[in-house]
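A.B. asks: Sequence:
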Amino acid sequence: MWGRRFKFIAGSAIILGVLVWLGVSGVQESKTYYVTIPEMRAQGDHAYKMRLRVAGDVLPGSIRREGRTVRFQLHQAEERLEVVYVGTEPLPDTLVDNAQAIVTGQFTREQYFRAEKVQAKCASKYEALPPGVQPQAARSGS
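Mind the numbering: the sequence shown is residues 865 to 1006 in my numbering, read in order.
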């Protein structure tokens, strides 16, 4: 009787331990720290080991598309950050010069940010067309 009970308790403890370990390690891996460009650079070698989220404004003229790779620069507080995105998800249409963008990924030792996800902020207010000007779709005859 004690042999069966011991096996049951030992098996349950092992299963519970594995589940706790999986939960803790999963949470550790999915942590994403939001930092500014200057804060990221100030972290030194520690920045290379973390998953980060960084925001900034897209530097005018910096967006370059090369096949599935898109390169652009963010700037914030006099600092620039080269961003490289290689992915299957299409980038937002709002990722244009001077747009506010948030990138999620990792800073590399080669001093660029490898983005897994790129988000661009939508315009904060609607700007109406001047009187007498038709929207683009109406002008094209649609």
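Calculated from the structure, these hints are not laboratory results. One or more of the hints may lead you astray.
Unchecked claim - Derived DEER-like restraints, expressed as beta-carbon distance ranges:
id	residue 1	residue 2	range
1	Pro902	Pro994	36 to 42 Å
2	Thr972	Arg869	49 to 55 Å
3	Arg944	Gly881	42 to 48 Å
4	Glu946	Tyr897	16 to 22 Å
Here the structure is a predicted model, which is why all the values come from computation and not from measurement. Virtual Cβ for every residue (Gly too), placed ideally from N, Cα, C.
A.B. asks: For the pair Arg944 and Gly881, does the Cβ-Cβ distance stay inside 42 to 48 Å?
C.D. replies: The hinted range 42 to 48 Å holds for Arg944 and Gly881, with Cβ atoms some 47 Å apart.
A.B. asks: Could you see if the CB distance from Pro902 to Pro994 stays within 36 to 42 Å?
C.D. replies: For Pro902 and Pro994 the Cβ distance comes to about 40 Å; the hint holds.
A.B. asks: A range of 16 to 22 Å was offered for this pair. Does it hold for the Cβ distance of Glu946 and Tyr897?
C.D. replies: With Cβ atoms ~19 Å apart, the hint holds.
A.B. asks: That 49 to 55 Å hint for Thr972 and Arg869 (C-beta), does it hold up?
C.D. replies: Distance hint for Thr972, Arg869 holds at roughly 54 Å.
Hint compliance for this structure: no hint is broken.
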